[in-house]
Amino acid sequence: MRYSIFSLIGQALRGHRDWAPAWRDAQPQRAYDVIVIGGGGHGLATAYYLAKVHGIARVAVVEKGWIGSGNVGRNTTIIRSNYLLPGNIPFYEFSMKLWEGLEQDLNYNAMVSQRGVLNLFHSDAQRDAYVRRGNAMRLHGVDAELLDAAAVHRMAPLLDFENARFPIKGGLLQRRGGTVRHDAVAWGYARAASSLGVDIIQNCEVTGFIRQAGRITGVETTRGEIRAAKIGMAVAGNTSRLAQMADLRLPIETHVLQAFVSESIKPLIPGVVTFGAGHFYISQSDKGGLVFGGDLDGYNSYAQRGNMPTMEDVCTEGIAIIPAMGRVRMLRSWAGVMDMSMDGSPIIDRTPHAGLYLNGGWCYGGFKATPASGWCFAHLLARDEPHEVARAYRLDRFATGHLIDEKGQGAQPNLH
Amino acid sequence: MRIQCPFCGERDLSEFAYLGDANARRPDPNAPDAQSQFFAAVYLRDNPAGVHHALWYHASGCRSWLRVTRDTRTHEIFAVELAKRVEG
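Chains A and B, in that order, are what the protein sequence lines are. Here the first sequence stands for residues 13 to 428, where the numbers follow the numbering used here. Here the second sequence stands for residues 9 to 96, where the numbers follow the numbering used here.
Do not take every clue at face value.
Just some of the chain B residues that point at chain A, by a computed CB distance under 7 Å [claimed, not checked]:
| hint | residue |
| --- | --- |
| 1 | V50 |
| 2 | Y51 |
| 3 | L63 |
| 4 | T80 |
| 5 | H83 |
| 6 | I85 |
Simulated restraints on C-beta separations [unchecked claim]:
| hint | chain 1 | residue 1 | chain 2 | residue 2 | range |
| --- | --- | --- | --- | --- | --- |
| 7 | A | I17 | B | R81 | 30 to 36 Å |
| 8 | A | Q41 | B | R81 | 29 to 35 Å |
| 9 | B | R33 | A | T412 | 19 to 25 Å |
| 10 | B | F46 | A | P169 | 20 to 26 Å |
Hints were generated in silico from the structure; no laboratory data involved. Just so you know, even glycine gets a beta-carbon here, dropped at the ideal spot from N, CA and C.
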């Protein structure tokens, strides 16, 4: 069923009784051309582009829980392409372009809202760093504007411009950045993929790989064996656990990242604002809640829940730029587990096993990458060669020294 | 999460700094395969979902390096030892 104003009016007149399920809850077949492990944003996007761009119809997405139950439903919904390094900018800009056409492509309202991403700076040195970043973006055809303090004040008058320790000197603005309704991304891709014949198999956990003649030829799951010529892993957060079943040891640590939402209030934050003197980012949902987050908790964890010191730290930073936040009550906090790679950048590549492909290491920047990650992983799976904008995301770059370290932290994943 | 420091007793998490996997060892630079050994030591991790040994530094306390054995799924801590004593 195609969604449109007419289908909506028609269903409204019938009391919304005849909506068809958005996707088929498929049963596993014995074999497919491609299996994608992981029914999150990246896995579902991969399946969709495999079917749509590469014409591969016999595709299965196997998901241990229900689709969208992982990080695609746990992030702070920000999209942006304000990167610095040549290995990253074209990829994230490609993703931004896909976001811009996503809703028409999927025929699904993902509430893509280009309300702007503003990175504040608080010192002359930081202004220089942001000028450099903005120039790098513009050299790659990405929009970037440097704002002075007066221009920032016109956008967001509630920020603390008088702060003696962290005065706001201005900001780097990417107007095309913004937010997207995260769950709708998973649902939209699932619906579009399912309508092209992709089997979405939920409650189906992979428990091992089937090997034959030096190749990976299938997966063992809690719902039986499923075979395929090619198998893609898109399970960021749990990549190490899955890869271990194929005897792979990866340059990844799993860390926990918390996010927070306040009670609903009237419009306060115009777009996405980040605090340059610490690590804090905030936006306001359409419902009115302030959605914000900060650093990782900083230790290996698969727990999907964090600890109090990080919570306190994040709230302190928030109040440092928006003192009025101190009067708002926090409604909920939650956490997701991140594939923290050793240089802070992702991996989309073949593995040493023929037939097995890896998409992971998204650190805490995976959501904005969802469309491009799916597109490039589908390209790799279908053609056995990397997509042009994802060439740098090689698994062997850690051995060869071709790291993509945006933050310059080295092999210390909790600091990226 | 609170960590039982062998010297200071049970202290809040915010007093400690985290380094990472305690099983990573600096390889012998004179070994014939030193390059691949260093690559593995610097970049590759077991990253277990379960019992994990990690190095923590009691920065706001006794400034000891500690080896903490903890379940990464539950944050339950099983043992805290002085790292120097374990490594010998």
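Against the structure, the hints:
1. V50: 5 Å, holds
2. Y51: 4 Å, holds
3. L63: Violated - the Cβ of L63 of chain B stays beyond 7 Å from chain A, reaching only about 10 Å at its closest.
4. T80: With a minimum Cβ separation of about 5 Å from chain A (threshold 7 Å), the hint on T80 of chain B holds.
5. H83: 6 Å, holds
6. I85: Not OK, violated: I85 of chain B not within 7 Å of chain A, min 11 Å.
7. A:I17 x B:R81: 30 to 36 Å: 47 Å, violated
8. A:Q41 x B:R81: 29 to 35 Å: Given a distance of about 33 Å, which is inside 29 to 35 Å, the answer is holds.
9. B:R33 x A:T412: 19 to 25 Å: Holds, at about 23 Å.
10. B:F46 x A:P169: 20 to 26 Å: 53 Å, violated
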